[in-house]
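Colleague: Take a look at the letters that make up each chain.
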Amino acid sequence: ETGVTQSPTHLIKTRGQQVTLRCSSQSGHNTVSWYQQALGQGPQFIFQYYREEENGRGNFPPRFSGLQFPNYSSELNVNALELDDSALYLCASSSPRPPNPEQFFGPGTRLTVL
Amino acid sequence: QKEVEQNSGPLSVPEGAIASLNCTYSDRGSQSFFWYRQYSGKSPELIMSIYSNGDKEDGRFTAQLNKASQYVSLLIRDSQPSDSATYLCAVPGGTSYGKLTFGQGTILTVHP
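From first to last, the protein sequence lines stand for chains B and X.
Be aware that the first sequence starts at 1, since it is given in this note's numbering, and climbs by one per residue.
Be aware that the second sequence starts at 115, since it is given in this note's numbering, and climbs by one per residue.
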């Protein structure tokens with residue numbers, strides 16, 4: 001069984017640039033959620049994708065957007081990067097079993113915005 | 115009131131002791147509760163899930179849930195230095211489907 005994978009591991013961008021982060025879900029999981037974790041804080045929910053559609057969104061501006069592909073992999077896009085976007089970006093996959101499925105995290109992408 | 119609150123750390127215990135980590139949540143409708151362990155520089159790892167009132171044991175870990183008091187805890191028996199990590203409590207729900215709401219985490223240090 002393959003776990004959740006993310007790429008790249010680390011990324012350095014400058015303010016105003018755009019970034020794309022990628023995630024492959026765990027084998028058998030068709031739901032992907034994205035989280036942002038600032039240093040010393042718990043992860044904050046950005047959004048979730050199921051069947052290639054956004055299935056819930058946290059309190060993040062529209063410059064945070066995503067995609068899910070037919071193979072259940074997903075991308076997180078962030079436009080007009082700000083210094084405060086520097087964080088660990090986590091992807092979690094789950095299977096949609098009710099009532100609330102367990103979510104399993106990938107290794108994360110560390111984004112630094114200069 | 116924060117949606118999920120954890121006891122402020124850091125928590126330091128000697129090797130072999132019991133470490134007790136606590137979490138309270140605000141949504142009375144919550145049905146599932148998760149504990150994640152996060153080593154420094156790594157991603158969160160799911161270590162316990164609990165859905166019913168009472169205790170759930172898995173090896174040295176015991177999760178305790180009291181829905182009436184909106185309280186969930188994690189006990190680590192015979193603590194080892196390898197248990198030193200940040201422990202995150204997570205609760206599904208809120209206004210967004212699929213969302214896990216995390217506490218701020220409790221840093222646990224187990225010293226030899």
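Derived from the structure by calculation, the hints contain no laboratory data.
Note that the coordinates shown come from a computational prediction; the quantities given were computed from them, not determined experimentally.
Some clues are possibly wrong.
[As the list claims (entries may be wrong)] With beta-carbon atoms standing in for the labels, derived distance ranges:
1) B:Ser7 / X:Asn121: 29 to 39 Å
2) X:Leu160 / B:Gln41: 16 to 26 Å
3) B:Gln41 / X:Ser126: 39 to 49 Å
4) B:Thr14 / X:Glu129: 39 to 49 Å
[Claimed, not checked] With a Cα cut of at most 25 Å, we get these calculated DMTMM-like pairs of lysine to aspartate or glutamate:
5) X:Lys156 / B:Asp84
6) X:Lys170 / X:Asp197
7) X:Lys156 / B:Glu82
Each residue gets a CB set at the ideal place from its N, CA and C atoms; glycine is no exception.
Colleague: If a hint holds in the structure, say so; if it doesn't, say that too.
Modeller: Here is how each hint holds up against the structure:
Taking the beta carbon of each, Ser7 (chain B) and Asn121 (chain X) are about 36 Å apart, inside 29 to 39 Å as hinted. A hinted range of 16 to 26 Å holds for the C-beta pair Leu160 (chain X) and Gln41 (chain B), which are about 19 Å apart. Distance hint check: the CB atoms of Gln41 (chain B) and Ser126 (chain X) are about 21 Å apart, inconsistent with the given range 39 to 49 Å. Hint check: Thr14 (chain B) to Glu129 (chain X), Cβ distance near 46 Å, so the stated range 39 to 49 Å holds.
Simply put, Lys156 (chain X) and Asp84 (chain B) have alpha-carbon atoms about 20 Å apart, close enough for the 25 Å limit, and the pair holds. Using a Cα cut-off of 25 Å, the hinted pair Lys170 (chain X) and Asp197 (chain X) holds, with the two alpha carbons roughly 19 Å apart. For the suggested pair Lys156 (chain X) and Glu82 (chain B), the alpha carbons sit about 24 Å apart, so the restraint of at most 25 Å is met.
Taken one by one, the earlier hints fail for this structure only at number 3.
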